[in-house]
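Undergrad: Each chain, letter by letter, is given below.
2 protein chains.
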Amino acid sequence: MVNPLDPEEFRRQGHMLIDFIADYYQDIESYKVLSQVEPGYLKKLLPESAPYYPESIETILQDVQKYIIPGITHWQSPNYFAYFPSSGSTADFLGEILSTGFNVVGFNWMSSPAATELECIVMDWLGEMLMLPKSFLFKGNGGGVLQGTTCEAILCTLAAARDQMLNRCGSEKMEKLVVYGSDQTHSALQKAAQIAGIHTKNFRAIKTSKLRNAVQADVEAGLVPLFLCATVGTTSTNAIDPIEPLCEVAKDFNMWVHVDAAYAGSACICPEFRHFIDGIEGANSFTLNAHKWFLTTLDCCCLWVKDPSALIKSLSTNPEFLRNKATDSKLVVDYKDWQITLSRRFRAMKLWLVLRSYGVANLRNFLRSHVKMAKLFEELVRNDNKFEVMAPRNFALVCFRVLPWPNDNSVANQVEYANELNKELLESINGSGNVYMSSTVVDGAYIIRCVIGATLTEERHVIRAWKVIQEHADALLSKN
Amino acid sequence: MVNPLDPEEFRRQGHMLIDFIADYYQDIESYKVLSQVEPGYLKKLLPESAPYYPESIETILQDVQKYIIPGITHWQSPNYFAYFPSSGSTADFLGEILSTGFNVVGFNWMSSPAATELECIVMDWLGEMLMLPKSFLFKGNGGGVLQGTTCEAILCTLAAARDQMLNRCGSEKMEKLVVYGSDQTHSALQKAAQIAGIHTKNFRAIKTSKLRNAVQADVEAGLVPLFLCATVGTTSTNAIDPIEPLCEVAKDFNMWVHVDAAYAGSACICPEFRHFIDGIEGANSFTLNAHKWFLTTLDCCCLWVKDPSALIKSLSTNPEFLRNKATDSKLVVDYKDWQITLSRRFRAMKLWLVLRSYGVANLRNFLRSHVKMAKLFEELVRNDNKFEVMAPRNFALVCFRVLPWPNDNSVANQVEYANELNKELLESINGSGNVYMSSTVVDGAYIIRCVIGATLTEERHVIRAWKVIQEHADALLSKN
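Going down the list, the protein sequences come from chains A and B. Take 10 as the starting number for the first sequence in the working numbering and just add one per residue. Take 10 as the starting number for the second sequence in the working numbering and just add one per residue.
Excised from the complex, chain A in its bound form:
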């Protein structure tokens, strides 16, 4: 048996894989964007159990091509416009190679000092690019940490806020704690609240304009306002909560404010978009997902907090087997106490490579190019009176729908009919495999979402996507 980490065999197979992925990117437009397989397809193709004897990498790669790729939805395709992007890049990929290659387990400073220190440095770099107040940076006694996803980041801050509050007002208040979000807040908040043991009846999804009254009513009912999650760029339509007035309400009631800018936060490195996070100095924590729109692969959620000690109080454990001089000296950051898990990957590496390989200038250009393409798409929709734009476009998401024939009195329920029509349209374009878009429902209206953000997307793809939509809409309207 060759050693499973033999450098020469590693080299041979590694080069083979680089070519495999480079070829995949080259051929990516030949695949249907949305996988068209049926549930259970793979079980029919693979053996019942693991092989007893080794198989060659050549055989395995053939199977990846034959069995896996048809079952993949091609998030890296230039014709991918669904959900939010998952924008990979060469720099990120190289960072992942380095971090997987070193495979350090950076739970504390001592287990690999470079992993911790690089993370502190890039989080301050990125914080400054976003013009975050100094109080969120290490140089201002706050600090940033890389988590997996926003769900984890919200859970950590929520646990910190909860324990701080219970410490103040007694653990018997646990059942009284209330968490607030808007009706468009990401489901991550609800899930984090569930996991943190917040009573389900104390989770509020309310219009932001009604926050003060709702909180006041809760206080009068003997409840304890705990946590508010404001969103910059909601998942459905990219709506933006007004941070400043929300923070004022929160301040009056001593609540923790988290600002979730998972998707749109990246754009705030451009001066012209920075105003969307104005008021952030009033919040306690802030997140953006570099793995959405910052050329970084999943997972890489950037969390900044003003008061790291609140996280640490809630999340630290100090087992004997991890004791060391550096920790005892208090001169170092031990990130294990800033997150759910003990073990952690060297994620700072990929963010460092992205920042250095592209530089602030090109990162801004990249984001702007997507917004510009989204404006183009929006214009194409507006210029066709069979279609309607359904929400203000703030970044690179366009919400739209096709309109039913006007004044068709034969249809009893116009709202229902429009929704069904758009559902059919979306299924039709996604079923073609030429593009992939997703949907949402806002105030009862079914809406198609087109987000421009895949790294390989160029203007020609956007124009072609619009043509695909028009063709499918025409076919549908003439059929109905």
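Worth flagging that the hints you see were computed from the coordinates, not collected in a lab. These figures come from a predicted structure and were not determined experimentally.
Copies of one chain are not kept apart here, so a pair can be met inside one copy or by any two copies together.
No more than 25 angstroms apart at the CA atoms, straight line, and that leaves these computed lysine-lysine pairs for PhoX-like: (1) K339 with K322; (2) K322 with K260; (3) K322 with K185; (4) K53 with K148; (5) K334 with K52; (6) K210 with K182; (7) K432 with K339; (8) K143 with K53; (9) K210 with K185; (10) K339 with K53.
Position chain B against the provided structure of chain A, taking the given hints into account.
TA: Same frame as chain A, now just chain B:
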């Protein structure tokens, strides 16, 4: 600006990185295993802020070599014997390349069917290799899921158990729920309990033999026994909780039992080690970390549960933007409801590549070779009467210490003196950079831990490690 995912540039830089990592493995013994940098070293070497203009990959790699590698503790070094191993392999690395390259966000089946289906398949494969009862496999209405780490897995199962219990006995019992572990249970349990909102005074770390009495006393005090975590291969000494009798106690009190075999679970694919998880059919959930001792890089925690619906009830959210036909059909697994986060990486890919590239036969051989080397090391310790083996060796961890001069009456506190001596010895060998081992404290005794498990470790490294220890011990004893 070249497109950040241009296939030809990707190819060029990708090949460069493969050589970089292959060279790293080739040269790995020339680096000091434990990094010797001082806190704050990196800040002095890197610029204050992110570059405005792009930098070349050549420049960046030079900096990795000059600034990062000296700050890394080399977990892949054959001279690494600390904590538990983090055993990478070529197959795993290729799996990471594929999964990063595709960069799919597999929150539900529909977002990339292959990612979900391959995960179900490999979890059944691995479950069968471990001879888990069918009730833990998809083919028996249970199922497996890949999580990041054990902390996450325990938190998910704990939340599921908690919500099931509160559903039964009323949410006002939240404060009464009690979680049990042994005095050697991993700190992950305590952390998960903290995050899940279990009252800190209701966390019990007790000797397993005293479990029944403790639970009985809690019930009599009006508390509600909730969750028991049993460990196969504790972090400190690889002690093994007797699963069967513990499950009997738990059953009598209607508790959820989780079996944590983070490190040792991998070995149970060998028939001769399988008996260590006898009784597993009485548990509700089971974890092992493939990223410890199964040739897989961080992160890859394998969790099996008997009742996935308990997880789903506690962790599911169904926002409008994720609605789809496949989910509505209930023919598919949506893993987002089995874990904390929504977004998830295609981790099954690397596990699939490890299983296929090595096969059951070689995976067993690999694990056995480490156990054999640990036996050798244990023998070396036993044959030197200046040393003492401190705990039974069950897998590939040897706990030992150097003995102070016998009958040296000049030393007032013998226990304290022995502890200080071993602390000094560990610092001395780790400071040399020739090996890296870690420590623990059990019943007041400071113990050095030597775990054989790095992929590149061969017998000659173990023999050399022992020589290093002897030399440093001799120097220390003659000095004292």
